Amino acid sequence: FFQYCLSGHPTLPCNVLKFKSTTIMLDCGLDMTSTLNFLPLPLVQSPRLSKLPGWVLKDGSTFLDKELKECSGHVFVDSVPEFCLPETELLDLSTVDVILISNYHCMMALPYITEYTGFTGTVYATEPTVQIGRLLMEELVNSIERVPKAQSASMWKNKEVQRLLPAPLKDAVEVSMWRKCYTMPEVNAALSKIQLVGYSQKIELFGAVQVTPLSSGYALGSSNWIIQSHYEKVSYVSGSSLLTTHPQPMDQASLKNSDVLILTGLTQIPTANPDGMVGEFCSNLAMTVRNGGNVLVPCYPSGVIYDLLECLYQYIDSAGLSNVPFYFISPVANSSLEFSQIFAEWLCHNKQTKVYLPEPPFPHAELIQTNKLKHYPSIHGDFSNDFKQPCVVFTGHPSLRFGDVVHFMELWGKSSLNTVIFTEPDFSYLDALAPYQPLAMKCVYCPIDTRLNFIQVSKLLKEVQPLHVVCPEQYTQPPPTQSHRTDLMIDCQPPPMSYRRAEVLTLPYKRRYEKIEIMPELADSLVPLEIKPGISLATVSAVLHTKDNKHVLQLPPKPPQPPASKKRKRVSDDVPEYKPLKPLLSGSIPVDQFVQTLEKHGFSDVKVEDTAKGHIVLLQEAETLIQIEEDSTHIICDNDEPLRVKLRDLVLKFLQKF
Amino acid sequence: LSFFCLGPGAGQDVGRSCILVSIAGKNVMLDCGMHMGYNDDRRFPDFSYITQNGRLTDFLDCVIISHFHLDHCGALPYFSEMVGYDGPIYMTHPTKAICPILLEDYRKITVDKKGETNFFTSQMIKDCMKKVVAVHLHQTVQVDEELEIKAYYAGHVLGAAMFQIKVGCESVVYTGDYNMTPDRHLGAAWIDKCRPDLLISESTYATTIRDSKRCRERDFLKKVHETVERGGKVLIPVFALGRAQELCILLETFWERMNLKAPIYFSTGLTEKANHYYKLFITWTNQKIRKTFVQRNMFEFKHIKAFDRAFADNPGPMVVFATPGMLHAGQSLQIFRKWAGNEKNMVIMPGYCVQGTVGHKILSGQRKLEMEGRQILEVKMQVEYMSFSAHADAKGIMQLIRQAEPRNVLLVHGEAKKMEFLKQKIEQEFHVSCYMPANGETTTIFTNPSIPVDISLGLLKRETAIGLLPDVKKPKLMHGTLIMKDNSFRLVSPEQALKELGLAEHQLRFTCRVHIQDPRKEHETVLRVYNHLKGILKDYSVQHLPDGSITVESILIQATAHSEDQGTKVLLVSWTYQDEELGSYLTSLLKKGLPQSTS
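Protein sequence lines, in the order shown, are assigned to chains X and B. Quick note on numbering: the first sequence equals residues 1 to 658 in full-length UniProt numbering. Quick note on numbering: the second sequence equals residues 1 to 599 in full-length UniProt numbering.
Treat the hints as calculated values from the structure; they're not laboratory data. All values derive from a computational prediction rather than experimental measurement. There may be inaccurate statements among the hints.
[Stated by the list, open to error] No farther apart than 30 Å at their CA atoms in a straight line, the calculated lysine-lysine pairs in the DSBU-like style are these:
1) B:Lys305 <-> X:Lys372
2) B:Lys305 <-> X:Lys374
3) B:Lys461 <-> X:Lys532
4) X:Lys515 <-> B:Lys193
5) X:Lys582 <-> B:Lys538
6) B:Lys288 <-> X:Lys354
7) X:Lys193 <-> B:Lys193
8) X:Lys646 <-> B:Lys591
9) X:Lys550 <-> B:Lys499
10) X:Lys202 <-> B:Lys279
11) X:Lys202 <-> B:Lys130
12) X:Lys20 <-> B:Lys193
13) X:Lys515 <-> B:Lys26
14) B:Lys291 <-> X:Lys374
15) B:Lys499 <-> X:Lys515
16) B:Lys130 <-> X:Lys256
17) B:Lys273 <-> X:Lys372
18) X:Lys372 <-> B:Lys302
19) X:Lys582 <-> B:Lys461
20) B:Lys193 <-> X:Lys202
21) X:Lys354 <-> B:Lys131
22) X:Lys354 <-> B:Lys108
23) X:Lys653 <-> B:Lys485
24) B:Lys288 <-> X:Lys193
25) B:Lys273 <-> B:Lys108
26) X:Lys354 <-> B:Lys130
27) B:Lys126 <-> X:Lys354
28) B:Lys461 <-> X:Lys657
29) X:Lys657 <-> B:Lys499
30) B:Lys461 <-> B:Lys499
31) B:Lys499 <-> X:Lys20
32) B:Lys461 <-> X:Lys515
33) B:Lys485 <-> X:Lys515
34) X:Lys550 <-> B:Lys26
[Said to hold, decoys possible] Listed next, the stretches of chain X that the computed footprint assigns to chain B, with coverage defined by at least 3 CB atoms under 8 Å from CB atoms of chain B:
35) 192 to 199
36) 340 to 351
37) 514 to 522
[As the list claims (entries may be wrong)] Residues on chain X that point at chain B, a partial pick, calculated with CB under 7 Å:
38) Ser335
39) Tyr356
40) Leu537
Think of the CB as a built atom: it goes at the ideal place given N, C-alpha and C, for glycine as much as any other residue.
Isolated chain X (complex conformation) (with noise of 0.2 Å):
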């Protein structure tokens, strides 16, 4: 049993875990931080972008300054945004068999694994987290492709070169895995490896292991997984909340007794308490609106913001903002809108039960019905003709790095009657912010994770009570910020088992049973003898079948009929097979007893002559000698088969047989 690490990220895991005889990989997460050492992607010319300086270094050689520009101080990478993938040389990854998705956030390599590691397998997942994971994919893509860039730029990767750029360029990790974006071609077949699954659904996985998705309570769809065949039970936490928002709640329940307890994806903003963020949110929103500025709400397509236009649906009227107009901007922001609508099953049971009236379950639909909540696919097209400032947009990407975001961030950033509000947590918003510096308009840090915080896992780790815990090696001490906050770590007995990047971990386990089927036939003929009070026992012979990890126990099949015509045989032809054992046997032999019943089957010169530990007894004119003690018998004869033969059945009457 053994974990391979393949993402050091805490909250974009990929780990692969080795259980019994499948290989399961464990979420596939794109760490997309590294686009923050690029340089915006814009959708019209940016004059200012491209007046950027060419970095030069201390001593003046200026062979990166058409890859490297330098903005307020900082160094951007002038390139095609790249991605941080997971390791792909801890293992061979065509050697997986299955992938379990989460939720919609870890999939995002999907593609990279699915179509360039000869992976073969299938991926399960649920249908809200495939159909938004696509959504997201699609963005994603989308936003990159429709800004074609000449360059890409290779020479700052190269280590000689890295050793010498500023930080955080310079201790980047792993920058020759850093990859770009994938196609709509590649997201199409990545996808189409995905087999769809529902809350609680057991899924026989060659017949040796069970997986099933349980309900995390952090997102549409979002699940745990819990790995177990019939003796060990590993549960798979990955992004879940206790939160009441608008997913179904999460499932603990199914947790319980668990061997090993993976536990990944906590809240990334410990301290910060979602209800305060979305007040403030609103009372920023509120406030920058009624001074005449916009607000700019950098965004993912899906989650959070459905929570987001719920408040705001309930705010807007007792604010006075009834007749500002809300934008949500995304090529996917249609198909996102109208997909929450359709996944009641996977709602929390306010949601559930609007259903039933029937009537949709979020309140964005009267929003847009009343023409308050405008979407549109890019800035491009009918939005310029709808476009009234002041206004409310959301639009992606949170990394501030490509999307119709980045227009935005150009278009008001000069003004300090504006806000930019970052709900989204994924990213520094320093760094993402970095830029677009010298920047006047105001920036307002409300994040948003509605994830497990330390205290509700350490009530969680109380309530299921795993034997052992494992957790990315972030979780085990205090962030590097705050290093005196002990109480933001993982406590628990036995302390956790971390692992980062790069790791092979060996669960600690040990297995002891295996399940079998007794057929009815063997089953009947069994004779089980009760040894104890309430402990009976049965010795079983029985041919063992095994077919696709499952293990049947049969009825022997009879002896075959010697043939009728015997031929004459040599020697070497009667040598004795391999039988199976015969029985163990138990018990003791009373001497008193053992010599009538010698003298019942006819032995009449017994004689008994006591010993040290026990008897033996002769039988003079066999020339036959019985030692008996307590846990032992020796016969002693001359070879006359048919009486030892005898006197063997006579001792095995006093014993039991195992």
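Take the given structure of chain X and dock chain B to it, following the hints.
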């Protein structure tokens, strides 16, 4: 495993489903339907079979509803609120959403219009629905520690499901109504190879092998088109949810393509709501609709408008979908009475009609109908029957049996004669027993489950290691001890069994004296014996030890001189009971003496 149909309906008759299954000590009620053909007590199942022995809640472990048609769920409020049942009721989300609406609609017709009393109330429907637990497709629902159920897609109407009921290794699959061919709005039923002990299948269309769907659709469109062309009116009695939506999609696209102008109406009330349910539960429709729903929602119809009662008297052609589907009451019956006298008009019955309904009468050729108040209605309009009911036909039923591989099949919800034909076919092709119990008849099926036990890994590894030897033809025997304690079964090695029980092993050893004539020195005799054995026992480990003894596997052979006769040597062959075969073989081998050799 026993099976019981509650009262008339579910057995050899179409009209009402209510089945009781007992499996490994658990009692599960499958569907709780009412009979549309009756207006008295007979419309509900007779639960006295259960209640004579106690409360329903104590007897039943759970109730499962397969889909929202009233012949499968119509008696539910009566059952839970009037007879009294407080246990869990399972159904899919769409069923849970739509079922109370149909129940309320039905209640209104019965109580408000017909003025019947002794019927369930609106509040009872609400209270009943509170006992419902919604299930996802393929979700394994643990009803209690032993009983689990799992829903599969049935494709009959929105949210229709087949259910697997499992206790330990015994299982039953109940299909409800299902459809094995995808249609315009639903996908095909599907089940995995779950090998149930019993498959309970509906058999409404047991003998029909329907012609291709395309033909039926073309036929339907042709008939509608011809009638409309000659200025006639077309009445299509439907149930608000199900077939109606498929036919709407069909007509909508046809009207679009042919650029037809005649109005299509859908009788009001349920229908707008119905279409809304389809929009919200679009994940339960077929692949094509799901894929395109963002661009175009198939359930937003351009040509189909809401019907008003006054429209029925409008001149000129029109097509009207009206409820209910069997012409037994309500709007469809009203329109039928208005239009029946004109031979230009047409009524198309797209589904099955229960005996006793007007629908059934006109389909069986009756043209003079006695209506309420002894009034005789003469039917001159054309009457057409088109099997659009989404039931599996004979081919579909066989296909499902092939998918699930049941050990026994039981047919319900069909007509006796047709079922008999299908039963023979099933027994011939699959060699499984097929039952078709009459109403109120109990069928008992004996299962012979294998017993799962825990085997210690040590023992299993030992055995599989031996089992890996190349000779597959000779099955290897394994030996172990089964420990049975407090209902747990563990198979362990005999050594471990002894150890666990705190028992000591009793060793039984034999030593046989074999006399052989050999005048040579003892050690030379030993060497000869060694060479002799080595030559014969090629597959065994034969060793000559420094202390002068020989071992064959764990059998010990020592030689001593005979006390009186120097020309005779005594070989002491010693083995334990566990090595008896080899030991006794060796003594008989040595008894034959040593070969004459030069060495």
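Which hint numbers doesn't this structure obey? none
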